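Visitor: Those protein sequences? They're chains A, B, C and D, same order as listed. Those letters in the first sequence? Residues 1 to 454, by this note's numbering. Those letters in the second sequence? Residues 1 to 251, by this note's numbering. Those letters in the third sequence? Residues 1 to 399, by this note's numbering. Those letters in the fourth sequence? Residues 1 to 348, by this note's numbering.
It should be emphasised that the hints constitute simulated quantities derived from the structure, not laboratory data. Check the hints yourself; a few may be wrong.
Partner residues aside, some chain D positions facing chain C, computed with beta carbon under 8 angstroms [as the list claims (entries may be wrong)]:
no. : residue
1   : 144
2   : 151
3   : 214
4   : 215
5   : 278
6   : 282
7   : 313
8   : 317
9   : 318
10  : 321
11  : 332
12  : 336
Note that the coordinates shown come from a computational prediction; the quantities given were computed from them, not determined experimentally. Each residue gets a CB set at the ideal place from its N, CA and C atoms; glycine is no exception.
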Amino acid sequence: MRPDLGRITMSNFTRRGLLKTGAVAGAGLAMPTLITSPLAAYTNEPTGGSVTLGFNVPQTGPYADEGADELRAYQLAVEHLNGGGDGGMMNTFSSKALKGNGILGKKVEYVTGDTQTKSDAARASAKSMIEKDGAIMITGGSSSGVAVAVQGLCQEAGVIFMAGLTHSNDTTGKDKKANGFRHFFNGYMSGAALAPVLAKEYGTDRRAYHLTADYTWGWTQQESIQQATEAKGWSTVNNVLTPLATTDFSSYIAPVLNSGADVLVLNHYGGNMVNSLTNAVQFGLRDKQVNGKNFEIVVPLYSELMAKGAGENIKGILGSTNWSWTLGDDGTKAFVKAFGEKYGFPPSNAAQTVYAQTLLYADACERAGTFNPCGIAEALEGFEFDGLGNGPTLYRKEDHQCFKDVLVMKGKDNPTNEYDALEIVEVTPRAQVEYAPDHPMFAGGDLGQCNPGA
Amino acid sequence: MGILEVQNVNKSFGGLKALQNVNLNIEEGTIHAIIGPNGAGKSTLLNCFVGKLVPDTGTVMFNGQSLLGIKPHEINQTGVSRVFQTPEIFTDLSVMENVLIPCFAKRDGAFKMNALNRVRNEVDIQEKAEQMLIDVNMIDKRDMIASSMSRGDKRRLEMAMCLAQDPKLLLLDEPTAGMARADTNNTIDLLSEIQDRRHITMAVIEHDMHVVFSLAQKISVLAQGTVIVEDLPENIKGHPKVQEAYLGGAH
Amino acid sequence: MNTFSKADKNTLLFVIIITMLAPFILNPFPEGSAMAQFNAGYPDLMQRFAIFGILAVGFNILFGLTGYLSFGHAAFLGVGSYSAVWMFKLLSMNIIPALILSVIIAGIFALVIGFISLRRSGIYFSILTLAFAQMSFSLAYSVLTPITNGETGLQITLNDPRILDGGTGAGNLPVTGLFGLEMRNTFTLDLGAWAFQFNVGYYICAIFLILAFYLSMRIFRSPFGLMLRAIKTNQTRLNYTGLNSRPYTLAAFVISGMYAGLAGGLMAAMDPLAGAERMQWTASGEIVLMTILGGAGTLLGPVLGAGFIKYFENIFSKINDNVLHTWFSILPDGLENAIVWVLHFFVGKGWHLTLGMLFMLVVIFLPGGLMEGADRIRARFGRNKGKGEDTPNATNPAE
Amino acid sequence: MDQFLLQVLNGLDKGSAYALIALGLTLIFGTLGVVNFAHGALFMVGAFCAVSMQKIFEISKITIDATKTDFLGNPLKVKTPYVIEWFGESAGNAMINWSVPLAILLAIPVMLLVGYIMERGLIKHFYKRPHADQILVTFGLAIVIQEIVKASYGANPIPTPAPSQFVGSFDFGVLLGMDPNAVIYPYWRLIYFAFSAVIISAVFAFLRFTTFGMVVRAGMADRETVGLLGINIDRRFTLMFGAAAAVAGLAGVMYTPINSPNYHMGMDFLVLSFVVVVVGGMGSLPGAVLAGFMLGILESFASMNAVKEFFEMLYLPSIDQIIIYLVAIIVLLTRPRGLMGKAGVMEE
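Let the sequences and hints guide you as you build the complete structure.
Guide: Laid out in structure tokens, this is it:
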């Protein structure tokens with residue numbers, strides 16, 4: 001017997017959830033029971049009393065601490081979704097679809113994996129969640145390389161991807177996908193938010209020297225910042241690309257003072273940023289005067305962990321973040337309270353973004369009344385909401401990018417405690433960081449169609 | 001005309017003159033012994049024949065072809081094989097495999113060993129290798145790993161490997177060093193038998209005079225980097241220069 | 001015409017049976033049970049076992065036979081992946097042209113790098129290969145972004161030309177296949193509480209693994225293989241046997257580079273993405289670890305080592321505290337928390353620690369790698385040479 | 001010219017770190033014949049000695065200040081380091097300020113102990129094992145050490161500043177009659193360079209002029225003979241391993257103010273330092289030092305804009321990405337055993 005391949009083709013990705021209940025007891029080897037595809041409308045359709053989410057974060061490698069913080073926020077979100085704890089931001093969220101009884105009445109379960117901050121490992125981990133654990137949504141990550149890679153995978157597999165920390169323009173630009181959604185802000189928004197503040201604080205007649213991590217994220221951020229600052233009257237003296245593996249930036253920083261520049265922009269992230277900033281301060285750049293002005297350093301993308309790693313060196317340095325626990329709105333307060341009581345310290349902006357993403361996903365399921373990725377995508381596209389800490393926010397239909405206020409932060413001169421390294425300089429209103437979906441920096445991509453798998 | 005002609009070979013290491021104007025002529029089909037006290041330059045001379053060392057000046061002609069400036073494996077392909085003082089064998093391989101390699105090399109030489117045929121399908125090669133092991137009396141050890149054998153066995157294995165190549169000139173560096181008397185005699189018998197049967201020219205470095213005088217048809221005596229005497233064995237015994245070299249005369 | 005010994009036939013049969021039945025063997029625990037966490041029988045991981053098996057088998061032809069320790073083999077894997085993805089982008093989603101190109105391109109790369117690196121031996125050779133691979137990685141990550149798409153990795157997109165298939169233009173991304181048979185197709189056999197997954201992609205990989213294994217076995221038992229082992233043992237004697245070892249080592253290097261290229265191509269065929277990290281020195285190091293851990297110079301060892309490392313990476317990293325709590329929930333709370341607290345250093349985010357400790361244990365107690373362990377177990381149970389019998393030097397640690 | 005001078009300074013500084021690690025690697029390889037992949041981890045452990053010293057000084061008495069609140073609105077816990085409590089404000093603060101240099105006092109015994117345990121407990125059993133096994137077991141050990149540090153201190157870099165007296169940079173330009181700010185160099189990096197010069201000289205002097213050193217050098221040349229002379233070479237080798245660990249550890253301690261230490265800093269350095277050792281020539285101490293400084297300086301030059309642009313014209317963009325490896329390839333192809341390697345060492 002040679003079965004028709006078309007009929008044997010059961011699924012593109014398997015769904016354990018389905019099989020768990022559909023299992024036929026006592027089937028003999030001679031007569032295997034084949035489940036046929038029409039039973040499932042989409043990949044990993046949950047059939048039991050629970051639904052599984054996949055939290056894919058870096059647990060080893062340089063971003064492990066950031067991943068750990070994301071994981072804490074995810075666990076908190078699951079607790080809140082299942083009706084545990086005080087409900088956190090569910091109480092302040094403008095949409096009231098979530099009832100604390102899981103998602104669509106199903107208890108929320110989760111699996112975790114290690115991205116290792118490598119696109120290969122991240123995809124392997126996500127695949128195992130989809131194929132083995134029956135995860136219906138993948139979320140997490142702390143670099144754009146991983147986000148883009150996993151987003152592509154989720155598109156192929158037919159599950160929703162709720163991006164974690166990814167700041168590259170490409171995630172919702174050149175590499176955007178119909179099944180992927182980004183809450184975090186991006187390089188363009190950093191530039192748009194920072195430039196006016198920089199012009200205000202340091203004047204419009206400044207000469208900037210860029211040090212840029214030599215890969216796509218670095219390039220897009222540098223391009224964004226350069227464009228935004230030049231629009232304010234700044235000039236760009238030089239842009240030097242630094243190799244990925246650099247740990248000691250001294251040879252890149254040493255020539256800066258003598259280059260005629262009076263501002264140094266460090267387009268680095270994570271360990272690279274901690275090192276380049278430490279090195280720059282070591283050289284005493286900030287104590288110098290160039291062109292009759294105080295020499296300044298700018299770090300366009302800040303995070304709490306990086307600030308912690310750089311210690312004293314960040315004092316007075318400007319940068320941007322997605323969110324800060326020091327904000328005063330109700331959503332933020334509720335989240336900081338829930339998180340702080342559970343873990344004993346305030347959440348990072350990575351934690352907030354993944355918490356928000358989880359809630360947004362769950363809410364979209366409730367509003368769509370289905371776990372079908374296409375239904376969810378429809379519910380999220382053009383969704384306007386508030387109460388998740390960032391003020392009124394829009395999930396734009398055209399590129400699945402969230403638009404919300406962006407914070408410009410500054411290293412605090414006299415922090416009162418160890419979590420208080422950064423202070424808010426300005427909350428840049430959403431209108432100021434918005435851009436057209438076909439902006440040249442985001443061109444070249446295509447969302448495609450939502451893919452429900454199966 | 002000898003098969004190997006060495007003329008005016010000089011070799012020095014730094015300030016040390018290891019070989020000075022060495023002249024040597026090995027006749028085809030003979031066993032030629034090179035003797036001399038320690039440090040006389042015997043091994044250095046052999047190294048110059050196989051391409052391990054290149055003489056500073058002088059010529060080494062084998063079968064009318066210069067051996068200078070060509071690589072060791074190319075020298076070997078012209079028909080020069082060498083047994084080392086410390087046996088150079090494939091210690092991780094079995095005895096049989098050790099002998100198989102020169103058998104294959106003899107046939108293939110250049111790069112064309114079949115990557116997909118099985119070793120044991122090559123019946124003629126197998127037979128030849130077995131014959132070599134029978135010749136050196138090691139056929140019962142064919143499956144032993146070479147590293148686990150005694151030094152004497154290793155030496156005989158190396159000899160089998162060299163013979164498997166059907167060399168025109170076989171260089172032996174102290175073939176009986178460290179062997180028991182019985183083994184030494186076996187080796188002497190083996191070498192003279194091979195020489196009788198296959199007419200392979202041999203150059204032997206040896207300290208054991210019993211071996212030298214049992215085997216050699218001609219003897220060169222090396223002292224302080226020069227050949228002081230080259231003559232028939234019977235003339236070497238009692239030669240004053242030789243005695244002087246060994247007993248340390250006035251120099 | 002080419003007869004293998006009985007032991008060899010058994011080894012090959014063993015490999016065929018194991019790979020064909022892998023969906024059963026790797027899924028011993030019923031769905032939903034606490035132990036199901038340890039099941040490895042899902043398509044992605046099974047594919048990885050087979051692909052890294054091919055990679056390690058190929059690496060073993062170089063390292064296990066000649067003793068030349070290449071620290072840059074991941075470069076060939078990466079090159080293979082990039083070639084395959086470019087074939088998907090330009091030509092067709094059919095895996096055949098992609099695999100052919102990845103093997104050829106990796107072979108050319110190996111020829112160039114090998115030709116230069118093999119001028120040196122020992123650690124000098126290792127560092128030369130490392131330097132080439134690191135250069136490839138650095139360039140792929142940044143400068144060559146137009147070709148490699150840098151940090152984010154090369155993926156297929158909707159507007160690729162795909163001359164043979166015709167660009168899809170809109171809608172969903174096409175999937176890789178073999179004349180219409182999609183790699184991602186999986187059919188599931190439901191037996192009681194068990195669900196076994198049979199994936200097209202896995203079986204393609206498995207067939208390639210068997211072919212790769214068979215070819216490596218042929219090489220091991222051939223005069224060429226004998227020659228390579230001789231190179232490892234004593235190059236001096238080889239030279240004085242009239243043989244120039246360079247062409248043989250170069251051939252071994254290129255063959256093993258082509259194996260790596262095939263593995264890279266298969267990786268892309270299973271999941272059309274090629275990332276630069278695939279070429280990093282850590283990836284090369286992983287290949288070395290797999291081979292030594294399993295038993296360098298043995299036939300089966302490298303496959304075992306590859307499976308061992310990939311299993312840890314994919315299974316142990318996913319055990320989080322939550323899972324631990326479910327396992328020990330029957331225990332009294334205090335004890336449960338204590339056990340979970342201890343264990344959580346070794347699983348989940350601590351899986352590297354477990355792997356590091358296991359490396360040490362294996363190397364300390366099993367100098368011949370896992371194969372030595374297997375041999376010892378076989379000896380213990382008195383089963384005489386049958387399956388998995390290897391070269392005579394199987395128990396000698398490789399250098 | 002000024003740029004050139006600046007990059008020479010940079011290169012010497014980068015080179016110091018490379019040379020120190022390569023020196024330790026070569027000591028272990030040369031004396032014990034062991035390829036130690038855990039050497040980077042020893043460097044990292046040294047760096048975390050500095051972190052620990054700082055943490056020790058910052059162990060605090062916690063008092064509740066009811067007048068203030070923390071971020072959750074609970075009464076604020078005020079921390080007063082015990083060193084301030086015990087030694088008074090100024091002395092206590094000075095100790096915290098000087099924690100990195102003071103960490104040397106902690107690092108020496110810790111590193112000697114770590115080295116001793118490592119050699120007696122593990123490495124000893126691997127002297128006769130193949131190099132591949134040594135690499136694998138020390139690599140496994142490196143992962144274990146690294147993961148233990150990660151579990152105790154986290155993955156994020158931990159700032160360990162130099163004493164405030166050394167913040168800022170020295171202006172060589174003014175000294176040489178150039179424009180101010182043309183050639184500036186941070187004080188701490190100058191100290192690091194001087195420090196490594198002292199350590200390197202000390203190691204060489206020790207090997208050259210002490211009996212102990214002579215025996216070790218003899219042992220490096222011919223272990224068996226020295227053993228036959230009735231000298232307990234094993235014990236000396238253990239000490240040697242401890243000393244190599246201490247060199248790596250001290251290099252790590254002093255490095256912390258330059259870059260905040262993190263748990264994987266050892267791995268970041270490891271491959272590079274192997275390249276340095278091999279370029280210098282396996283088993284050669286002067287070779288290791290020479291190659292360390294040479295690669296440091298070349299790497300610094302490669303980062304200069306003019307150099308980058310020049311190579312871009314030759315279709316070699318981002319030369320700084322690959323310079324080290326390119327140089328390694330060129331050196332190894334022109335000099336078979338690196339700059340000063342000995343024949344027959346690790347060549348099979």
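Visitor: Does each hint hold? Answer for all of them.
Guide: Now for the hints, and whether the structure bears them out:
{"no.": "1", "hint": "144", "result": "holds (4 angstroms)"}
{"no.": "2", "hint": "151", "result": "holds (6 angstroms)"}
{"no.": "3", "hint": "214", "result": "violated (27 angstroms)"}
{"no.": "4", "hint": "215", "result": "violated (26 angstroms)"}
{"no.": "5", "hint": "278", "result": "holds (4 angstroms)"}
{"no.": "6", "hint": "282", "result": "holds (6 angstroms)"}
{"no.": "7", "hint": "313", "result": "violated (15 angstroms)"}
{"no.": "8", "hint": "317", "result": "holds (5 angstroms)"}
{"no.": "9", "hint": "318", "result": "holds (5 angstroms)"}
{"no.": "10", "hint": "321", "result": "holds (4 angstroms)"}
{"no.": "11", "hint": "332", "result": "holds (5 angstroms)"}
{"no.": "12", "hint": "336", "result": "holds (6 angstroms)"}
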